[in-house]
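*Asks:* Since the structure of chain W is provided, determine the placement of chain U on it from the hints.
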Amino acid sequence: AQSVTQLGSHVSVSEGALVLLRCNYSSSVPPYLFWYVQYPNQGLQLLLKYTTGATLVKGINGFEAEFKKSETSFHLTKPSAHMSDAAEYFCAVMRSGGYQKVTFGTGTKLQVIP
Amino acid sequence: GAGVSQSPSNKVTEKGKDVELRCDPISGHTALYWYRQSLGQGLEFLIYFQGNSAPDKSGLPSDRFSAERTGGSVSTLTIQRTQQEDSAVYLCASSVLGENGETQYFGPGTRLLVL
Numbered sequence: 001a002q003s004v005t006q007l008g009s010h011v012s013v014s015e016g017a018l019v020l021l022r023c024n025y026s027s028s029v030p031p032y033l034f035w036y037v038q039y040p041n042q043g044l045q046l047l048l049k050y051t052t053g054a055t056l057v058k059g060i061n062g063f064e065a066e067f068k069k070s071e072t073s074f075h076l077t078k079p080s081a082h083m084s085d086a087a088e089y090f091c092a093v094m095r096s097g098g099y100q101k102v103t104f105g106t107g108t109k110l111q112v113i114p
Numbered sequence: 001g002a003g004v005s006q007s008p009s010n011k012v013t014e015k016g017k018d019v020e021l022r023c024d025p026i027s028g029h030t031a032l033y034w035y036r037q038s039l040g041q042g043l044e045f046l047i048y049f050q051g052n053s054a055p056d057k058s059g060l061p062s063d064r065f066s067a068e069r070t071g072g073s074v075s076t077l078t079i080q081r082t083q084q085e086d087s088a089v090y091l092c093a094s095s096v097l098g099e100n101g102e103t104q105y106f107g108p109g110t111r112l113l114v115l
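As given, the protein sequences belong to chains W and U, one line each in that order. The numbers in this note's numbering rise by one with no breaks, and the one at position 82 of the first sequence is 82. The numbers in this note's numbering rise by one with no breaks, and the one at position 80 of the second sequence is 80.
The following block holds chain W by itself, in its conformation from the complex:
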């Protein structure tokens, strides 16, 4: 069984400030981990993913995430927030190997204050 916990349903940051969105996962097998972003009235867009190898993963729009097995975490960061980053972010986990359904966290809405 897998699960994802996102701490903070709403996060506010000032424009130019560090963005940190927290995600912890639980998985009985080595997981694949994802961050998706959803803009208002749109579908989910893949930001980045971790499967194997390098634990620091870089994605689109300047976001990155680090897989920390010892902490079962996969936090999303961006050094400097931009107004266009305002959206809802979903952390997700999938069992590795073959085709698998994705288990999503409850999402974090990011507000960027000018």
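Everything labelled a hint here was simulated from the structure, so no lab data went into it. Glycine included, each C-beta is placed from N, C-alpha and C at the ideal position. Accuracy of the hints is not assured; some may be wrong.
What the hints assert, rightly or not - Listed next, with one range per pair, are the computed distances between beta-carbon atoms:
hint, chain 1, residue 1, chain 2, residue 2, range
1, W, I113, U, A54, 48 to 58 Å
2, U, A2, W, S28, 28 to 38 Å
3, W, P79, U, E85, 38 to 48 Å
4, W, S80, U, E20, 43 to 53 Å
5, U, T70, W, T52, 34 to 44 Å
6, W, A17, U, E68, 40 to 50 Å
7, W, Q45, U, E68, 41 to 51 Å
8, W, G16, U, Q83, 45 to 55 Å
9, W, K68, U, R81, 45 to 55 Å
10, U, N10, W, G53, 35 to 45 Å
11, W, K109, U, E99, 32 to 42 Å
12, W, G16, U, R81, 43 to 53 Å
13, W, S26, U, K57, 21 to 31 Å
Said to hold, decoys possible - Reference listing, derived: stretches of chain U covered by chain W, where coverage requires no fewer than 3 residues with Cβ under 8 Å from a Cβ of chain W:
hint, region
14, 44–57
15, 95–108
*Replies:* Leaving out everything else, chain U in the frame of chain W:
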């Protein structure tokens, strides 16, 4: 290239009516998934199809929900005798296994409102 497309983008129906939601996956993607996004429930897996294998229906909330995938491509999610609690955004995703595992690509969703 074209992404996952879904139709209609919005659907308003009356309680008790049947609805059909359509998903066109990315060409060449062999796996297709349906998820539901609703207030209070987040994103829930509904059903998935992979090639010619029997679909995984473990996420369907009731027997009013069914889905088909014709010719290994287009999929239709059908909800019979709709209820107000079926109001949600229904998301479709498709994927293919690559060197770096599987990544699911999502469509824009169908927003269903049951009055």
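*Asks:* What hint numbers does the structure not satisfy?
*Replies:* 7
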